[in-house]
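Protein chains: 4
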Amino acid sequence: MIVVMKQGSTPQQVEHVVQLVREMGLKENVIVGEERTVVAVIGNDRFKDRTAMESVAGVEKVVPILAPYKMASREIKKERSVVQMGSDPLATVGGKKIGIIAGPCSVENKTQLLEIAHAVKEHGAVGLRGGAFKPRTNPYSFQGMGEKGLELLALARQETGLAVVTEVMAVDQVELVVKYADVLQVGARNMQNFNLLNAVGDQRKPVLLKRGLSATLEEFLLAAEYIMSRGNHQVMLCERGIRTYEEYVRNTLALAAVPALQRASHLPVVVDPSQGTGKNYLVDSMCRASVAAGADGLIIEVHNDPEHALTDGAQSITPEQFASMMKAIKRIAAAVDREV
Amino acid sequence: MIVVMKQGSTPQQVEHVVQLVREMGLKENVIVGEERTVVAVIGNDRFKDRTAMESVAGVEKVVPILAPYKMASREIKKERSVVQMGSDPLATVGGKKIGIIAGPCSVENKTQLLEIAHAVKEHGAVGLRGGAFKPRTNPYSFQGMGEKGLELLALARQETGLAVVTEVMAVDQVELVVKYADVLQVGARNMQNFNLLNAVGDQRKPVLLKRGLSATLEEFLLAAEYIMSRGNHQVMLCERGIRTYEEYVRNTLALAAVPALQRASHLPVVVDPSQGTGKNYLVDSMCRASVAAGADGLIIEVHNDPEHALTDGAQSITPEQFASMMKAIKRIAAAVDREV
Amino acid sequence: MIVVMKQGSTPQQVEHVVQLVREMGLKENVIVGEERTVVAVIGNDRFKDRTAMESVAGVEKVVPILAPYKMASREIKKERSVVQMGSDPLATVGGKKIGIIAGPCSVENKTQLLEIAHAVKEHGAVGLRGGAFKPRTNPYSFQGMGEKGLELLALARQETGLAVVTEVMAVDQVELVVKYADVLQVGARNMQNFNLLNAVGDQRKPVLLKRGLSATLEEFLLAAEYIMSRGNHQVMLCERGIRTYEEYVRNTLALAAVPALQRASHLPVVVDPSQGTGKNYLVDSMCRASVAAGADGLIIEVHNDPEHALTDGAQSITPEQFASMMKAIKRIAAAVDREV
Amino acid sequence: MIVVMKQGSTPQQVEHVVQLVREMGLKENVIVGEERTVVAVIGNDRFKDRTAMESVAGVEKVVPILAPYKMASREIKKERSVVQMGSDPLATVGGKKIGIIAGPCSVENKTQLLEIAHAVKEHGAVGLRGGAFKPRTNPYSFQGMGEKGLELLALARQETGLAVVTEVMAVDQVELVVKYADVLQVGARNMQNFNLLNAVGDQRKPVLLKRGLSATLEEFLLAAEYIMSRGNHQVMLCERGIRTYEEYVRNTLALAAVPALQRASHLPVVVDPSQGTGKNYLVDSMCRASVAAGADGLIIEVHNDPEHALTDGAQSITPEQFASMMKAIKRIAAAVDREV
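Those protein sequences? They're chains A, B, C and D, same order as listed.
Using full-length UniProt numbering, count along the first sequence one by one with no gaps and you end on 340.
Using full-length UniProt numbering, count along the second sequence one by one with no gaps and you end on 340.
Using full-length UniProt numbering, count along the third sequence one by one with no gaps and you end on 340.
Using full-length UniProt numbering, count along the fourth sequence one by one with no gaps and you end on 340.
Be a bit skeptical, because a hint or two may be false.
Since the list gives no way to pick one copy over another, a pair counts as held whenever it fits inside one copy or between any two copies.
Claimed, not checked - Dumping the calculated DSS-like pairs for lysine-lysine here, alpha-carbon to alpha-carbon at most 25 Å:
| id | residue 1 | residue 2 |
| --- | --- | --- |
| 1 | K48 | K148 |
| 2 | K70 | K6 |
| 3 | K205 | K77 |
| 4 | K77 | K61 |
| 5 | K6 | K48 |
| 6 | K330 | K97 |
| 7 | K179 | K110 |
| 8 | K148 | K110 |
| 9 | K77 | K121 |
| 10 | K97 | K327 |
| 11 | K77 | K6 |
| 12 | K78 | K6 |
| 13 | K110 | K48 |
| 14 | K96 | K78 |
| 15 | K61 | K78 |
| 16 | K27 | K327 |
Keep in mind the hints are simulated off the structure, nothing from the lab.
Using the sequences and the accompanying hints, generate a full structural model.
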């Protein structure tokens, strides 16, 4: 870290900062500028609470230098990670092949799920999404089918071979969800539910970690670090739009996060254009853009009857729209030397 | 809800919308304007998923009319709610008296906690804050003392009479925390941890619910509704700053939320100027402003040695600064016909 | 507009609203719901100030129904507009061909400009960007070469045939800039400089209108409407990133704005991935994504010596990087049935 | 500035950075850490474009150390500035007395303006606001009365003694507005209209500079610096809310900006709770909070007939509400040792 002293800070104040640095077991380098003095701290201060230093008299601000995450960092692992979902060797995210995960927002019933699962499988998906436990803003809204929904997902996997990607919302659900799922999804609202991160970190199944509604990339990678630090290295980062002042979309899909995350981390990056826009008429275009931007995977909401969808009807595309989108992104994938 | 049709939508499309409205058990009123047709839906559509309607052909957008929350709403209960914290009859939030909760960010050890507790008690606090379970962005940071911290909080209560306000981070911690705490705090990062909301809703102890980092007021009130719908009506809403592009503060304290929440809800509103700014030198001013704006309570981080605080040193004020701030807000409280 | 009355509003209050509606020369339709009454206003209220209605006793809120812009709207003109830049028939934006505008942030000297102009021309650009008048956050920073810079741009056009795209910052500069430029650029900070919008609207040269730092799409289209309402219909909309809490980028490039603007308006949409990210290492990826998303044009900062660039070095790519990017987007353009 | 090198940067890259620093006429101090090397730059680099340095190979990021503004800075002038508006010695902003500016959003006609002016004067205002040139989002909306409006403002000053505060939107309006106004207002949408800033900087009348919709405090102070660097030191900074994701307000009033600006600058700080919330029912509370937070002045929209206001009816309070608010803030001002 770099400790920037206030203009007019006294030598005693600088001395006191130096002392605090040494207390931490670190070394200092004091640089007296024309207008300000700065104290450069030498050594691994990654896990020190720098806000305490900001409270010291004479200190203007403290600038961190080291990235606070390690295992998620590209500095630790240069080659890109590939995550295998379920048992189908083609169901990977992070390699040349772009992994497509599709399905309904919520599992609603057997007919609905199987119909959609068969349709997305036919057009090239390798993973099946579908929520059995639903995080709903409103306590009176449909909260998901629970275990019955998980059973239907397992049935759909059996019939189609698709890997099951489904959300786990709480520590005490992990054991149950792990029995049915191939990939544990941690939702945006739980990105900083640290107990849950630890719990999925203790599992040995891949985790699809969604970016929080207003998470910075650093916070996002630190959430991944929580999971990895417990021994589970199979983490996929999912950009799903952030909250901004924009009102024509549900969320602002920040596609520059794709190359930025790939630069900072070796973990594969998936994009969710459904949540990322909230509008079915923007999904196709954003799927195209995601592939061109270098995404390693897509997760897309598909519903056979959006008008009657119990959740997220407005952002679900139909199986026909999914088929057409898949054709389009196959061409784009080829143009960027990838495959779908 | 109001369904706004696209310009050029067909009579068949309007008819189809009408049909869907009736399917929901609601009535419609079709208004043919000069440029657009709108379908006004009559009846309680509060818990219908309106996004499905947005997916219907010919529909431009759907505008909700009814607030989606009920029990938290001022329309249900006109008089303001008062929350009693612990057994001291003066430790209330929501009445004429403004309830002051103060203490360290984290419980660090016995000496630290007791010293701070005595100091804040002496200067007028009625509640003691202090985290035993800490939600930390970084997995390698200090995670709190756990149960040992709760024991110290109980000891501090015994010595000072202060009500204990402490965070519960997970469903499986609720039982433990309830044994020690007078008020269960749900942190900003857990505002939409719905399982946790349900779990504290099943308790009969007051809940201090912090606003999520980028939560709208409606989402905030719906989180309160989760708790209330389980039978626990003792909810305090805590404005703690929102995430914006501003970089000179940790969060942007949105003080207009105080009167806006009081207008929409009968629940008391507490302000956290420590989290709400992240800078100790802004805390005093924002405490003053909060009281003038009509806040029912304040929650403030106080540390006897901020330079060595394990967490949040930069935003902690010292006991001396706390004493001086309390004097200032007593005068302001009197000027707005309140008391501290 | 729809006027939503408060719960418990009186019949007199509703009657008063009706009266105000009729005063405006409009008609009303009063809908008495189970919980609330709403007054649907019939007629063209597009240019009425609806905030006055929000101040009326008993009114909860007012919801606009009609889009407030006309000439920029797709409802008025279904087919997409094509803007011709300068005299080269290939220099168009809005047709099948994607128009590429490239060049330095600022015109610095003759050698720099000509070297860059020749390079971008060679690799497929049809427009040359370069600022002679520079809007700088800091009054002490380089403010541009002024007319001397415009002369160099004209020279570069003469040598390369590229259309000149350059910024005009003030009403009293318009006359001068029009003499040299093929396209008048209005910068993000001037998107709501209404006097300037009127002034370029009075010209008959194409305008590249940049989206304001925190402009909504509606405000963006209304800025275009200012220009068009003065008779200048040759407007290109330029998405250049918005301000959000994200800190790893200078701006958050909101690519969903491309299809959303194309849906709402017939005007062509250009993307600026240089301003839109602020980082040279993100430009290539965002150029690819923009083309895949359906952008009609790109505007890109290219510098032959970024280390010594007087402005925006961090987001400028080199001619070599430009050449490589152009190759990449040609393939993607083909994959979405466009051309570069 | 501090240049942070990438992990694994080569000694040649560091050497190259050092060379570039020396080219700028500055000195360097190279600090080799355990994981990273940083180059601390010594000397006044305030006006160097640091983004060029960010483009250099091996550089991770560049951290500025010096504040980029000078004349607006508290480091240059410790004592707080007081701005005199017009000729009434009581009409000051920045001293013990809090200056209250009130009046309609727009000048609409003589009766309206005089009635409001007399009312606000009677209840303690020292300045009269009122727009003659109106920056309107929509080209078809009322654009203000122009010079006729300025004449009415001058008439109101003559009748009441209030100082006239009115907006100037364009360089070519400055001469005209200066003839009538006591204070030149620069609106939020023009905060970075640098030509306008220069033009008002060339005048010798006080300027009320509104914060841009998404301006950082640094950008805000640099806009003030533009004006001051031309010789006009009478600048008042006006916090008027920023754009955030919040939807229940028009803008989010960021009151912590008051103490933060006063800490960074000697210039007085005025708050606009009308624009800052957009809702008349939030204005009273935010006026109170502003005074408690330490604001040096308030600017408030007052209308005698909000239902028929041509602009901003929803956020205008009535003369009666103004009178009641003034009583309230007098008590709060006394409680913070200020006066109204």
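Violating hint indices (sorted, rising): 9 and 16
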